[in-house]
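A.B. asks: All chains should be modelled from the sequences, with the hints used to inform the complete structure.
Chains as they are written, first to last, in our numbering: chain C, 541 to 767; chain W, 410 to 699; chain Y, 3 to 237.
Worth double-checking, as some hints may not be accurate.
To be verified - Derived EDC-like pairs (lysine to aspartate or glutamate); straight-line CA-CA distance at most 16 Å:
1) K697(C) to E685(C)
2) K728(C) to E187(Y)
3) K550(C) to D153(Y)
4) K550(C) to E187(Y)
5) K728(C) to D189(Y)
6) K80(Y) to D27(Y)
7) K728(C) to E563(C)
8) K700(C) to E683(C)
9) K745(C) to E187(Y)
10) K550(C) to D154(Y)
Said to hold, decoys possible - Some, not all, of what chain Y presents toward chain W, calculated at C-beta under 10 Å:
11) A11
12) I33
13) N120
14) M210
To be verified - According to the in silico footprint, chain C covers these stretches of chain W (three or more CB under 8 Å from chain C):
15) 521–531
16) 651–665
Hints in this document: simulated from the structure, not taken from any laboratory.
Using N, Cα and C, we set each Cβ at its ideal position, and we do this for glycine too.
Chain by chain, the residues run as shown.
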Amino acid sequence: MVSFAVGLTKNLPDGRVMRSFVENHDLVIWRSVSGQLSCWLNRCPHRGMRLSHGFVRGEALACVYHGWHYGKDTACRYIPAHPDLDPPGTIKTMAFRSFDKGGIIWVNIDNKKDEPIIPNNLLSVRSLEFRCPLEMVEAEIPEFEYHSAKKGLLNLKIKKQGFGKWIIEILGQGLYMHLFLHKLPSQKCAIHALSNDNVSSEQRKDMSRLLEHLRYVSEAKYKVLAA
Amino acid sequence: MNAIEQAMQYWYPIGMLGDLQRSETRKTRLLGMDIELKTEQSGLISVFHQKKPWNTKSAYGHIWTSPSKMPKPLFDVPEAGDHERRFVPCGSVRVRCSPLRAVENFLDVAHFPFVHTDILGAEPHTEVEPYSVNIDETKDEVIATKVKFYQPQAAKSASDGIVTDYVYRVPSPMNALLYKTCPNRDDVQDVIAIFVQPLDEETCDVWPWMALYDDQSTMAEMIEFQQLIFLQDRSVLENQIPIKLPLDPKMEIPTRADLTSVAYRRWLKKHGAIYGAMVSSTDDAWVAAQ
Amino acid sequence: MNFTLYDYAMSGNCYKIRLFASILDVEYERIAVEFYPAAEHKSYKMLQLSRAGTLPILKSGDMILSETSAMLFWMAQKFDSFENWWPAKRGADLNALILQWMDFSSQLSKTVGRARLNALFQTPVDLDKAIEGARRALRQIESHLTEQSFDDKKFLVSDKPTIADIACFPYVALSPDVGANLGLEHDGYPAIQSWLYSIKSLDGFIPMPGIYPMHDLKADETDFAGNRPATGKVG
Ligand code: FES
Ligand SMILES: [Fe+2]
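C.D. replies: Encoded structure:
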């Protein structure tokens, strides 16, 4: 697997910045005002500041420490302390291949072309961070049961689609959810979840709560294990 | 001499004068060592590490200690004897960063418009004009002079924007002072210092101290202003990678505005003052960050 | 002056009042109190003013308020003639929900707020408990905001901000001050990030230490390619 799901497209609108991780690489992911996505190492070459604290100006990402602006091509375009200087081309950030597909932001750290397979009509549910390792959640999902407050015990059909990829179908309700597991440093992980698109706001809330319950059980088990 | 032995030769601030209660013992840390700061009923102050006493002294509003039997003399701040000034210790703020990064940040003006927005700097006034840096050979200090920067509100007592003149002094690796235009008088300069207590290589308590000509502001206002500025820096300092200060010039990219920082890093290297520093780009933590 | 605020710039609770006053464009007299290191808010003089021994204190005529929720409510009643921030006429449910999140904001002060004071000034606290509580509070607000977004609502109780948002904003925004890897940075909370962004975008928004300003420039100040400002050298 070369492409990693690092977040939901809807959580990164134009002009915004987020932080994520792939295989212990601390990353800044940002979208320019015109909508172009970039993913770089989360460190400003100047004095090492995390670029995820920065801000987007037009088609550039600016570092919050001294305001250096980096263009989409990773080159430093503007150094505010020297407004008349054309920054040397050697000042660059380090980029990784990133793209949106099917409502997910994907990052590809070996920069090889790889198109993840995902239906393109899914609706985002949410990204949820877990304070337990990915393996814990992988082990939990096949056993998972969920009592909805309104509908009682749900009849779930759970299918593994590959490492860290699951589909949970809620039978009898015409609902299914795609889960993309995402390994994070320090024994943490996240799930990025999408559902089929013809769902009501109530149904989305139900699915969001189902995920919270999955987190609750996984973390509880991890606590017992860690203790 | 290794990093810690080198660092042990200096004096470090560990408390604020006047803040200690009689018959009180405080625990703190210095250079990775647990220490106790005891105040007797008589007011006498002593410092112990593993029950052994260390040297102490009072200066510039603070209690200082050194693990060394014969520490290098504490640097001189002549302005501390000027009784027209108001002396303002501000307590300490804990920061998870290298003590050297804290000092370097203090020496930097280019961040003012972005970190201290509308106070110490504001866009579009971002340019750092050329200034000079040298090493004062007799005192063995890094000195930067003729630093100028446009400031919307240079001090608590300033009402309008002014171009402020700065002189910076680094008398020892973890202490720095600046002399800046006094908004109320043009014949004198205000003094602001940070005294850094290294708890370990990646954590420090920073003790700001000021000697100001300001007869308008209350003590609460002056302290608040300095704390506010430093807390803005703290958000940046806790997010620099790597945590330790890189001394290999290949690891970070300075410009002309960073001359003070460049001189500071060289001076640290020359003295082997590398406690809190990352010396080479083959260091594990650096490789991991790539 | 409309009122006097006994204030400390580093306090998230005090910031609620400064922020709301700025948004409503209300002038007031500000008195700095040395919360740290002198603990002046616990001094005899300050206790005479407010027995609570906390900051901020809002004084208007003979009225003294020491709870920020009451201050926000009072300010909305007094200075917001359009009733946007406390929409009294929009029904019992909405008002109850506002009150609920205002109450919730005191949990944020007790958890995030106290853990932060410890991180900055080593103020004594049961740190593990405060951090655990802080994380639970952030998760609660994150899940709630996620559900709000399904109904196209950007704020805590409605599609428009209310005093509940002002009450909860500071300590949610300041949670990264507590430290890294505690589940208190904003990375894992996308709904919170959007909400913080919406509040920072409000007219009259002001920052405080620990909360970055937006650094937004007017459209004509940078060119679209991210090159230096078209005006070149300025100032
Ligand atoms: S560290 Fe990024 S601009 Fe200086
Ligand atoms: Fe600063």
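A.B. asks: Decide, hint by hint, whether the structure agrees.
C.D. replies: Do the hints match the structure? See the list:
1. Pair hint K697(C) plus E685(C) holds up; C-alpha atoms about 10 Å apart against a cutoff of 16 Å.
2. The straight-line distance between the Cα atoms of K728(C) and E187(Y) is roughly 13 Å, inside the 16 Å bound, and the hint therefore holds.
3. A hinted pair counts as satisfied when its Cα atoms are at most 16 Å apart, and K550(C) with D153(Y) qualifies at roughly 15 Å.
4. Taking the CA atoms of K550(C) and E187(Y), the gap is about 20 Å. The hint is violated against a cut of 16 Å.
5. Among the hinted pairs, K728(C) with D189(Y) is consistent with the structure: their alpha-carbon atoms are about 12 Å apart, no more than 16 Å.
6. Only pairs whose Cα atoms come within 16 Å are accepted, and K80(Y) paired with D27(Y) is accepted, the gap being roughly 12 Å.
7. Distance hint between K728(C) and E563(C) is fulfilled; the C-alpha atoms sit about 12 Å from each other, no more than 16 Å.
8. A hinted pair counts as satisfied when its Cα atoms are at most 16 Å apart, and K700(C) with E683(C) qualifies at roughly 12 Å.
9. For a cut-off of 16 Å, the pair hint linking K745(C) to E187(Y) is broken: about 24 Å separates their Cα positions.
10. Between K550(C) and D154(Y) the alpha-carbon distance is near 13 Å, which keeps this suggested pair within the 16 Å criterion.
11. Nearest Cβ of chain W to the Cβ of A11(Y): about 5 Å, under the 10 Å cut. The hint holds.
12. Interface hint at I33(Y): satisfied, since its Cβ lies 8 Å from the closest Cβ of chain W, which is below the 10 Å cut-off.
13. With 10 Å as the threshold, the beta carbon of N120(Y) comes within range of chain W, its nearest partner Cβ sitting at about 9 Å, so the hint holds.
14. Evaluation of the M210(Y) hint against chain W yields a held restraint, the C-beta minimum of about 8 Å falling below 10 Å.
15. Counting residues of the stretch 521–531 of chain W whose C-beta sits closer than 8 Å to any C-beta of chain C gives 3, which meets the bar of three, so the coverage hint holds.
16. For the stretch 651–665 of chain W, the assignment as covered by chain C holds, since 7 residues bring a beta-carbon within under 8 Å of that chain's beta-carbons and 3 suffice.
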